[in-house]
Structures are given as C-alpha cells and as structure tokens.
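**Q** Following the hints, complete the assembly by docking chain B onto the known chain V.
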Amino acid sequence: MSSRARSSHRPLRWGTALALVCLLLPAGLAHAQDTTDDTQIEAAVVSIEVTQQHADWYSPWQGTRPESIEGSGFIIGPGRIITNAHVVSDARQIIVRLSGDNQPYFATIEFVGHDTDLATLHVKDPDFAKGVKPLELGGIPSLRSRVRTYGYPAGGEKISRTEGVVSRVQFITYLHTGADSHLAVQTDSAINPGNSGGPVIQDGKVIGVAFQTVTRLSNVGYFIPTPVIKRYLADVKDGSYDGYGDLGVVTGNLINPAYRQFLGMPDKRLGVVVDKVFPRSSADPLIHADDVILAVDGVPVLSDGTIHYYGYSLSYQQVVEQKQLGDNVKVTLWRHGKQMDVDFPLKRFPDANRMREQFDERPPYFIYAGLVFMNLNREYLDTFGNFWANADKPLLYEHFFASMESDQPYPGAVVLSRVLPASLNSAYTGMVNTLVKSLNGVPIHTLRDLETGLRASKGGYHVLELEPGDVLLVLSKSAADAANPVILKRYGITKDRNLP
Amino acid sequence: MKPVTRLLWTLLLAACLFAPAAWGEESPVAAGVVSISVTSQAYDQLMPWIKNAEQSATGNAVVVRGHKLITTADLVKNATLIEVRKFGRYPDYPAKLTLVDYDLNLALLEVDDPDFWKGLHPLPLSKRPVQVGHFTINRWRANGRFEQGTGEVSDVLVSSSPYGLMEYPVMRGTTNMGGLGWSEVLTHDGEVVGLIIGHSEQRIQAINSDLLRLLVEASERKPFSGFAHRGFSWQRLNQKSLRAYLGLQHSKTGVLVRRVFTGGTGSTELKPMDILHRIAGYAINPEGRIDHPTYGLISFTMAINASLAPTVPVVIERNGKRMKLELKRRRFQSDDYRIPPPQFDRANDFVVFGGLVLQELTVGYLQAWGNDWRDKAPPRLVIEYAMHSLRDPGSPPERVVFISRVLPDQANVGYEDVTNAIVLSADGKPIHSLNAFREATRDPKGPYDEIDLLPGSGRGKLIFDHAELDAINERVRSRYGIPPARTPRY
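Chains as they are written, first to last, in my numbering: chain V, 1 to 500; chain B, 1 to 490.
This is chain V alone, in the form it adopts within the complex (with noise of 0.2 Å):
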C-alpha cells in the first residue's frame, strides 16, 4: 500500500487552475484589421473577483482556506455575464468590475456548465453596466484569421486588448473537468494569468471565451468557440444546465483494406467500426460491436472519424456535441453487409462524474471507528499527487480499466481512505487506499452500501475484505459503535458522513 501526502489535492489542482489562463498579446504590437468601436467592446469586458473555497477531498468534512482569484468575463444582457467555470467554482463570492470603475458589484451564479468550462453570472444591482451595449456572439473564425482578445491578465485593473492567429480548430480535453472534449480555437497569443472568460473577437463579435493554454508550448492558447457557447446558453434556457450526451461507444478508424473487405464494405472512404458499446449508454442497445457507423444525422463519416464542418476536419462527435440531451439522434449503420437506420435519444455517459474533477459540491465520505470511507473517483485519486507513480495499481485499474473491460454497468467503488488512529484500529493504518471488496461477505460498491451493512450487521464483528493484498479489517461492533463518537470528537469532525 502506498503512502499519500498529507495535503490535500487542491495545491496541485490549482496548480491546474493556474494553467487555465488565457491569451494576451502585448497591446499594440498588432494593428487590427477590426474597424468595430473598441471603446463598446471594451465597456462589455469585466473583470471578476472570486473567493474561493475548495472541498478538501483528503479530509471530506471540511473545506480549504478561501483564497483569492481573479478572471474576466463579458456581458451578453442586462447583468447578465459570461464567464469561464473555472473562474467561479467553489465560489463563495463574486465580485464584477467594469473597464475603468472600481466600482464593486456583487454577482451570483446564474448556471454554471463545468463540463463545458462556462458559467453565466447575474449582477442583481440595477445601476451595473448601464448603457453598456451587451456583446454579440459571431461564427467560427476562419483558419489565420486574425482575432483580438480582451480581459484582465495579471489582475491588473485596467483591460488588456492582444491580438493573435487562428491556427488550428480541433478537439481539445477541457482541463477544468480533466474528462471532457469538446471543440476548441487554438490560437498563437501570449497566455497570462487573469484572462479566463474574457471574449475574443472578430468583427465585432464575441467568436469565443478565452479559457486554457499549454504549459508545456510557448504562445499556445486556446479559446471556446461559439457552438459551444451557444449550445451552453441553448441547453440553460429551461432553467437548468444539463451537460452532454454521449454516443456511449468507443470507435476505430475504418482505413485498413482488409478490415473493409472483412466487413464487406463497398465504399472506400466512410465508416469507422464500432469496439464497444457501453452498457446503459444511448447507443446500448441499438448499437452493436463491430457495426460502422456511416453518418450521423445524414453527416457522412470518413472513414478517420471525421466530418467535414465550416471547412474544417472534425471528429464525428462534433455532431453529437451541438445537440442537448434527450434530442434524437440519428445513426447510419453498415451491419451484416446491410446499410440501416437507428435513432434514439441522447444520454449523458454512465457514470462519466466519477472520472471529472469535482466543483461546487462537499464530497461524499462516512467515517466509522475512525476509519475514513470515500468513493473511488477522479478526485480522490489526485489525492496522491502524480497517481500514476503513486498509488497502488489495482485502485488505479479499479478507476480507469475495469468499466471498460466490462461488459457490466459498472457498480462503483469504495475506498478505505484513511484511518483516524484510535486503540482499536492503530494496526489497521498501513490499510488505508485499499478497495473495500465486502463488508461481512457482502459486496460494496458504494457508500450507501457500507453504512447500511454496518447498521444491519448482527454479528459481534464487522469484517471488510480490503484489496489489494486480500486484507482483512475486522472491528468490534460494540467496541467500534463506543468509540466512534470518542473518535470523531478527537479528530474535530462534526459531521461522520456525506451520503450521496
């Protein structure tokens, strides 16, 4: 079993945060060919201060010392704003400056999409950005069309205007969720910390919010384009954000001659060759292995995986990507020599939280005898630090191979965290990150089922089967049931559980 560092995760999280930065070109090294009026646009570009409150996964029943941060963002209605996720998560307050006033407005969150890195934010205040003629959103820009980038880059106080190239339109992670995809404007700015949610723009309108970069290359930023946000603002317009369908199939490119001639295609160029369907996904179980999918709503699939979309190459997905959940959507199939139809509605993907990183949520645990319990998900494993070298192989392979080498819906998981050290469980504390396999022969897959299994036991003893090792964890029911209180009140814990 491997040892875990004390701190919790959030150091290296916003660590990440801090990469999430976006692009800013020295103002005034380019002359734009935009004739729009700077000073309109300029008006609609806020600055935003946030105090932050991160949950503390290591010790899941508090929260991290608030810190500060500072972003952009722009406004698209009356007291209405766009802004990146990553600015605003874990928020515990929100304050929104216009160009050129320091005057402070409070905002709230109106929606917030993490897995699309967009929140909207309200300023309630009647007086805010009066006058101000809200931003507009354009199209996707063209490739080395110029676009200028506007927002607050180092906190400072007063707005930054750069202007860089399109370089690349593709999908990209979102590294606010670590988990998601979707389409992105790559562009060859200066990245400075304080940019996040600000607009770029191109003929006078919004094109994207800037919103990540790469650490590891110098002047590449990226920005979120406008079907985006537009399917973002689309999806909040009932009231709620609710994120992405997914296909829910893993798919393979269709290039190989003798791979087409196996299938009996007929056409050399389209189809990719379905390998998995996951259970409870949209495509399951309409969907099979080893079917092509040719097109989907009557957009033909090269046989790479994309699609031709406003000039450029794109990943199929992207057709998926612009509908909302529940939509219909439409698969053309090649199986069995035969071509046919299939449509269904869209589902997010099973289980896809457990893979994010978590925001604006107390994370789920249950303390019992002092040992801590917590789902096995993305968060608790960035725990570790660098998970990959750090902790143990089967957590790993537990999180990141067992679903998909199923073909089971997965369970979930838990995971004996850490052990809050007490007489009756000092020689358990070498035990902790193990996989919690059964609770007196009963499996566990997850919280609920452990805190009901120890309230049902009738025996004298719990006994948790724990992996790796085939350990096990026994507890005296009526010496664990005395000490727990004992326990938590030593270790200053108010609340033993967080049940989803």
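For the record, the hints were derived by calculation from the structure and aren't laboratory data. All C-beta atoms, glycine included, are put in the ideal place defined by N, C-alpha and C. Check each hint, because a few of them may be wrong.
Said to hold, decoys possible - Pairs of lysine-lysine, DSS-like flavour, derived with a Cα cap of 25 Å:
| no. | chain 1 | residue 1 | chain 2 | residue 2 |
| --- | --- | --- | --- | --- |
| 1 | V | K489 | B | K461 |
| 2 | V | K477 | B | K240 |
| 3 | B | K461 | V | K338 |
| 4 | V | K124 | V | K158 |
What the hints assert, rightly or not - Facing chain B, according to a computed beta carbon distance under 10 Å, are these residues of chain V, among others:
| no. | residue |
| --- | --- |
| 5 | L254 |
| 6 | Y310 |
| 7 | G311 |
| 8 | M404 |
| 9 | S423 |
| 10 | A456 |
| 11 | S457 |
**A** Positioned in the frame of chain V, the structure of chain B alone reads:
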C-alpha cells in the same frame, strides 16, 4: 598533548578509519578477492531479434572453497566474455559461469587454468555476518590498485532482488567510501561477511555470508536445488479485534494465511485462513517477525531460505486445531508465472504477424523503461504485472501475449497506433501464449485472421487477409531485417 600533535593523531585516525588504502598482494584478503571484467550484450526488449551494442563492466568476486568465485548475477548478466585477474595484474584468465541465480542476484564462476589459482586463497565465510557491527570494504580497481574502506552495519531486512520474487535477508550499512558499485567484498577479521549488491550515496545493501555459504553448499549438490519462494500471501494479526475474531485472544503468536499460489513453499500444504504460529522452530509474532539469533527481529519469511533442508517445519492452526506441517521448499517453476521475471542471456520469443510484433510479457520488457519502470512503462501492462504476475490456482499455465509495436506496412495501415496492447483472442481462440497464437492463426475458419484486443487498447480488432499473410510477413521481415522465423510461418 600539544594541539598540533593532537591534530596529527586525529588525522591519522581518520585516515585509518575512512580513507581507502592500497594494499600489497601479501594481504590475506587481497589474495581472496579478484577483479572481473565482463563484456555483455543484451537483446533489445522492444525488438527482440536485435542485440544491443556490447557493454563493458568490471567488478569483484570472492574466492571460495573448491576453486570457485562468487560475484553478483547483476554483473555477469548477458555476458559474452568474462575474464578475471588476480592481484590487479596481467594476465586475464577466462572464467566460465557455472551457476547463476538472478532471484538471489548471485553467480558462481570457475576458472580452468590452474595457474590462476596459484597464490589465491579462499576466504572463510563468516557465521556472524551481522553481529560484527563494522566491516571492511575490499575491491580491486581497474588500475590494479587494491582498495579498502570501512563501514558499519545498520540493520537487516528481508528483501528481493530486482530480478525475482525470492525473499532473503539483506544487510544494510553505511560507509564513507566513495565510488561504490563494483560487487565489493565485505570482510571482518579476514572473514567474508557480505557482498555488495546495491548502493545509494553512502548507503550500501549486501547479501550476507550466510547466503553465500548456502549457495556454495547448494552448488555442490546435484542437481542444484537451490533456494525457494514463498508460496502464499499472509497478513499481520496485530489488532486485538482481529485476533479475537479468529479466536486468538489468548495466543501471542500467529499470522494469517490469505492466499496460496500455484507454486512455491507452502502452496500445497497451507490453506487460506490458516494461522501460522511457528516456522523452523521460531515463534512468529503477530507482526510476522521471528527472533532470530543472527538477525534479531526479522520477517519470518527469511526462514524459508535459512537452510537447504528439503522441508521447513511449521506449526499452524486450522479450524481451531493446532498441527505440525512440513512445508516442501519449492522454487517457482516457469509455469507458475503469468509474467515471468527477466530473462537474460537469451532472446525473448516473438512473432511477427502482418507487421505486428507480438511477445509474451516479461518483467524484463517492463524494465526496459528504466529503474522507475513502474511509473514509466505502459500503465495497463504494469497493472497486469502488479495484479496478476502469478498464475491463479487451478487455472492452466498462461502468458500475457501483447503487441509490442507495429512495423508499418501497407497490410497494417490504420493499425499503426496499436502499441502495448494485450491480445485476447485470435481467430476466435483465447490466446495465452505465442504458441497458442501460432496455432490459432494457422488455419482460420474464414479468409481473414481476426485478432481481438483488450478493450481500451486503441482499437478492438485487427483484421488481416490470411491468403496474403505469407507474402506480407516475408516483405516485413525483409524490409526490417528480421531473421527467419522459428516456425515455418512465424
């Protein structure tokens, strides 16, 4: 004493304690330590038909009875030439490897030329390797100089070599001597107490003389039965509630057997949930330690290799009843592994099929990623090793077959990104060895060969036109300079 005089005395004392010193051949220890020069050439783990450039290394060996030399297996692995030199002077004598145990990290050498042995004397192997407290580090350097330094024993832990799962006591110590890493010989009062197998700055790890003596004894037995592996997993019973649950509240000994393996010591005699109370006459405390006369408190697992006796006696408790058992000392056999330890001195088997390079996963392959291979090697393969390196009891012998890389060819276009992917089946048959792969793909039911990969490998299936495979394989072998296959096809 005048300050200047005191300073001189202090310097002299420090020089005696720490500074390496050159000794002449008349030193009795110098006549029991020889230098070794090794030229080695390893096979490339990623492309196993290629031999890497040869490398040279030098080290030391200790002269033991019967005109034999002991050194570390690490020094002589993949050796193409081994030469030894006495007293740091010409000539070099060719030596032959008569026994190598990578699990122990020890090797025995012999030199046929009788001239070599003239003037050399076997060094006695100490029976008190740890209690001595201090030791002398002895080594020959390439410049013909014999050097000595001093060190101190810190502790003894049960450990394993990087090349195997066998457990044995490893002596740890500290020294001020620099430039370690040459299989230096540790002595005390002219007796050998250990052989250095690893070092880090001023810390050393050494195999102690007890094990060296056993190796000499074992080598004199025919056939070499050698040392044994532990054939079961166990856990401590050092929490009151756990002991009470197992009915051990009145006992002061015992650890819990959790799993038994397909091979190794105890694999056939022990059962899960047995309580192991005593081994080789020693009481096992609830933390799994015995009070050993040489090593003090130390893991009970060292008792498995404390002697060469065919069995090791234990006292266990099963279903509440105490009983005595004799555990047969067993070494893991090849079939006991799913992922075998590194293989040296020979190439890994491989198949080139449609440009795919298939191998059976070994620890040696993973170790190609360096000392921190557990972090750097392909994660799914490391996980497979961490979780399933030994065969499950009751299951047939099997290996993990995987595609180590794709040699680009028109036949595998679209498959180029498949690397380190575990093969599940070929032409509908489960694949648990390269021979099973060869057999499965010999005569597929249809015109295509289908290879199914573990989900998450980048793609699920690879397809090849069976009728074209011979031509494809010949083209790939010719283009990439791969020697002819061992079997008629691949």
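**Q** The structure should be examined with respect to each hint, and the outcome stated for every one.
**A** Quick rundown of the hints versus the structure:
1. V/K489 / B/K461: Violated - the C-alpha atoms of B/K461 and V/K489 are around 56 Å apart, more than 25 Å.
2. V/K477 / B/K240: holds (13 Å)
3. B/K461 / V/K338: The hint holds at about 20 Å.
4. V/K124 / V/K158: Roughly 24 Å separates the two Cα atoms, so the pair holds.
5. L254: Since the shortest Cβ distance to chain B is 7 Å, the answer is holds.
6. Y310: violated (27 Å)
7. G311: With a closest approach of 25 Å, the V/G311 hint is violated.
8. M404: holds (4 Å)
9. S423: Holds, about 8 Å.
10. A456: Because about 18 Å separates V/A456 from the closest Cβ in chain B, which is outside the 10 Å limit, the hint is violated.
11. S457: With a minimum Cβ separation of about 13 Å from chain B (threshold 10 Å), the hint on V/S457 is violated.
The structure does not agree with the numbered hints 1, 6, 7, 10, 11 stated previously, though it agrees with the rest.
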